[in-house]
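Colleague: Given the coordinates of chain A, work out where chains B and C should sit on it, guided by the hints.
Residue numbers (this note's numbering), protein chains in the order written: chain A, 1 to 265; chain B, 266 to 530; chain C, 531 to 795.
Below 20 Å or equal to it, Euclidean Cα-Cα: the simulated EDC-like pairs (lysine to aspartate or glutamate) are:
#1 C:K705 - C:E669
#2 C:K600 - B:D280
#3 B:K500 - A:E221
#4 C:K601 - C:E751
#5 C:K601 - B:D280
#6 C:K781 - B:E486
What follows is a list of derived Cβ distance ranges for each label pair:
#7 A:R234 - B:D351: 52 to 62 Å
#8 C:N599 - B:H401: 37 to 47 Å
#9 C:P782 - A:S255: 45 to 55 Å
#10 A:R254 - B:L289: 53 to 63 Å
Derived by calculation from the structure, the hints in this document are not laboratory data. The beta-carbon is built from N, C-alpha and C at its ideal position, and this holds for glycine as well.
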Amino acid sequence: MERLMTLFSYASQTDIWAAVVALLTAGAEHVFSLVVFRCPCSPDLNFVYGLSFLLVPALALLLLGYILNKKTWILLTGTCRIWSCDWVTANMTALLYISNFALVAPSSWIAVALLSGNYFECAMAGTNVSSSYGSHLCEDTSDVEQCQRELFRFPCGKGSGVSEADRNQVMLILKAHSQILGWLLIASIMLFNLLLICLGRCTSPISYLQLKFWRTYTKEENSLLNSRIVEHARKLAGRNLNSFFTDTPLKPFRSPLLICGRRSA
Amino acid sequence: MERLMTLFSYASQTDIWAAVVALLTAGAEHVFSLVVFRCPCSPDLNFVYGLSFLLVPALALLLLGYILNKKTWILLTGTCRIWSCDWVTANMTALLYISNFALVAPSSWIAVALLSGNYFECAMAGTNVSSSYGSHLCEDTSDVEQCQRELFRFPCGKGSGVSEADRNQVMLILKAHSQILGWLLIASIMLFNLLLICLGRCTSPISYLQLKFWRTYTKEENSLLNSRIVEHARKLAGRNLNSFFTDTPLKPFRSPLLICGRRSA
Amino acid sequence: MERLMTLFSYASQTDIWAAVVALLTAGAEHVFSLVVFRCPCSPDLNFVYGLSFLLVPALALLLLGYILNKKTWILLTGTCRIWSCDWVTANMTALLYISNFALVAPSSWIAVALLSGNYFECAMAGTNVSSSYGSHLCEDTSDVEQCQRELFRFPCGKGSGVSEADRNQVMLILKAHSQILGWLLIASIMLFNLLLICLGRCTSPISYLQLKFWRTYTKEENSLLNSRIVEHARKLAGRNLNSFFTDTPLKPFRSPLLICGRRSA
Numbered sequence: 001m002e003r004l005m006t007l008f009s010y011a012s013q014t015d016i017w018a019a020v021v022a023l024l025t026a027g028a029e030h031v032f033s034l035v036v037f038r039c040p041c042s043p044d045l046n047f048v049y050g051l052s053f054l055l056v057p058a059l060a061l062l063l064l065g066y067i068l069n070k071k072t073w074i075l076l077t078g079t080c081r082i083w084s085c086d087w088v089t090a091n092m093t094a095l096l097y098i099s100n101f102a103l104v105a106p107s108s109w110i111a112v113a114l115l116s117g118n119y120f121e122c123a124m125a126g127t128n129v130s131s132s133y134g135s136h137l138c139e140d141t142s143d144v145e146q147c148q149r150e151l152f153r154f155p156c157g158k159g160s161g162v163s164e165a166d167r168n169q170v171m172l173i174l175k176a177h178s179q180i181l182g183w184l185l186i187a188s189i190m191l192f193n194l195l196l197i198c199l200g201r202c203t204s205p206i207s208y209l210q211l212k213f214w215r216t217y218t219k220e221e222n223s224l225l226n227s228r229i230v231e232h233a234r235k236l237a238g239r240n241l242n243s244f245f246t247d248t249p250l251k252p253f254r255s256p257l258l259i260c261g262r263r264s265a
Numbered sequence: 266m267e268r269l270m271t272l273f274s275y276a277s278q279t280d281i282w283a284a285v286v287a288l289l290t291a292g293a294e295h296v297f298s299l300v301v302f303r304c305p306c307s308p309d310l311n312f313v314y315g316l317s318f319l320l321v322p323a324l325a326l327l328l329l330g331y332i333l334n335k336k337t338w339i340l341l342t343g344t345c346r347i348w349s350c351d352w353v354t355a356n357m358t359a360l361l362y363i364s365n366f367a368l369v370a371p372s373s374w375i376a377v378a379l380l381s382g383n384y385f386e387c388a389m390a391g392t393n394v395s396s397s398y399g400s401h402l403c404e405d406t407s408d409v410e411q412c413q414r415e416l417f418r419f420p421c422g423k424g425s426g427v428s429e430a431d432r433n434q435v436m437l438i439l440k441a442h443s444q445i446l447g448w449l450l451i452a453s454i455m456l457f458n459l460l461l462i463c464l465g466r467c468t469s470p471i472s473y474l475q476l477k478f479w480r481t482y483t484k485e486e487n488s489l490l491n492s493r494i495v496e497h498a499r500k501l502a503g504r505n506l507n508s509f510f511t512d513t514p515l516k517p518f519r520s521p522l523l524i525c526g527r528r529s530a
Numbered sequence: 531m532e533r534l535m536t537l538f539s540y541a542s543q544t545d546i547w548a549a550v551v552a553l554l555t556a557g558a559e560h561v562f563s564l565v566v567f568r569c570p571c572s573p574d575l576n577f578v579y580g581l582s583f584l585l586v587p588a589l590a591l592l593l594l595g596y597i598l599n600k601k602t603w604i605l606l607t608g609t610c611r612i613w614s615c616d617w618v619t620a621n622m623t624a625l626l627y628i629s630n631f632a633l634v635a636p637s638s639w640i641a642v643a644l645l646s647g648n649y650f651e652c653a654m655a656g657t658n659v660s661s662s663y664g665s666h667l668c669e670d671t672s673d674v675e676q677c678q679r680e681l682f683r684f685p686c687g688k689g690s691g692v693s694e695a696d697r698n699q700v701m702l703i704l705k706a707h708s709q710i711l712g713w714l715l716i717a718s719i720m721l722f723n724l725l726l727i728c729l730g731r732c733t734s735p736i737s738y739l740q741l742k743f744w745r746t747y748t749k750e751e752n753s754l755l756n757s758r759i760v761e762h763a764r765k766l767a768g769r770n771l772n773s774f775f776t777d778t779p780l781k782p783f784r785s786p787l788l789i790c791g792r793r794s795a
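Here chain A stands alone, though its shape is the one from the complex:
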């Protein structure tokens, strides 16, 4: 067990976070797909309903990823005054890094949803939107006209004028399309990540050892800074409250944290 923990400790903290987030998202998708999702089987609603289950949670998770990432706010706080093209190019790497981590949850949502296939089946069975796609789906059935007219009813297991076999066939094709899309998405995410990290590392002006040093430095600086901030805040609060309770004038208090202006952290 201890040995396993040692092995586990090799992975970096970011990797573990990413894995946890991806697993939680996949679980949430499964629960939603089983409990909440009911395809309306209406010609007008299918497409919007299916796509909203496929994309809106992904969008929400993306935004949540940006909101919860401390690095977003380190980067953005106070930048409205200095916003320019220079700023964007200078902080491109940080922006990319933040986006990449924020994309973990949404892309797992979409990938798992496409692999389970429910949302895609419902969305694509809406006849209004996918007329050419609908005719492609129905081309192997016995009555193409009827199949296309009833297509939007298929995800609910109904369809008066179409045989059970034809309906199952169409649903299997829809699921297959959804799952192929899901795998393609997963493969392209992996490929994109590898290339991105590869590019970043290959063009790095410093060696792996120095990179490791700067990472350790950031961590150490951060923890020291936090303890200094607490210390300064406690002192300032003590001085202010003392002055309030004893009704004496404020003593001068010098701290670089009280000087106006922006220092990038």
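Modeller: Relative to chain A, chains B and C alone:
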């Protein structure tokens, strides 16, 4: 139990990792094969669908193997400036080693998938792609023409014009082909690994004892280096924050980790 | 329980490993035979399919046995320069010992597979390959011609033109052959092992007491050597890192482990 742990500790860390990764992959494949996979039984889709379940997860796992391996980044960081044929030949061994370890998960995926046979059955029952293979499959059935025409429906347990016995026969042959391929893959992976390690070790200029010494040396150097890096980083962070909070000029700080340029780790 | 532990502690570590490996292999064979194996019952495939389940896992396990055995690499590291007939005869004992241990898993696989009989039944029911064997199997049935023609279908429990009794009779004979082969294999492995150890011990120039002494010596030397290697590695790493961080020239470091050339371990 303790005795077993002692026995267990003989295996190297890499071997244990490889075994854990292979087992997890096999388990994941089993779950996917049972829960997610539904052969579409459509003449156009079968081949693409089956192959995408067989190969795309393997590709994704391969890329993940490269991304998560620390050695990849030790090797690649900052190499764009010095990339050349010399570099490739000099680091061939390291590249081979990394690739070999990254291939553990994908090759287990493909091997287990071929042994369970579902994906291969689905892929090869697509008539469009495997016309000569399809005729070979159907040659022992009572109605060859009909069998070939309905071949793509077999994995779903349907097939109106073909007898149950013939269908089962064809499915058994497909499964047999898949499993024979799976065993061949496993045997060739093992053989390739043995030859690779054998070649590497046989042409080694140093003895086993020296190799063991250098491995121990690498481990010791690494742990010493880590403690030194933390120490330097803590000192530098303390100096910088002191200078920031007391508003005094920075004292000089000398460390080889701050000198630009590349030192292979 | 305690008594059992005492008995258990008499066995050498190698013996316990061998027993664990053999048991695991037998379990794996049982799982494969039940879950994965489906005889294709096709005249062309039966023989190849059955034999690939019987022999390929054994081959893979054999290669794995070589790869995971530390002694293989102690023997082979750096031998390409000195490979010759002399080398082979001089290291015959070590090679035999390694092979013998690597053969534990494959021979258990084959033995258990032959005792359960599934693979052998499937392989030998392929009529194309085993025509004379097929006629021998069918000689006691009511319709020999029909039996030989339908022989390949027997493992799947089908066979239109042959009576149930005849089919069962043939399957029992096949299973019996397989199990007799399995017992012969086990007996011959045991006999070969006994003779090999016997020969090695009988021709030994030293007494049992001296042999025991040398074994204890090897173990002690090994543990001492390990601690010395760790000590030297730690010293060398400390010297190198000191020189790197303080930017001073390297002090000389003498160790027999740094001298190039081969010393047999």
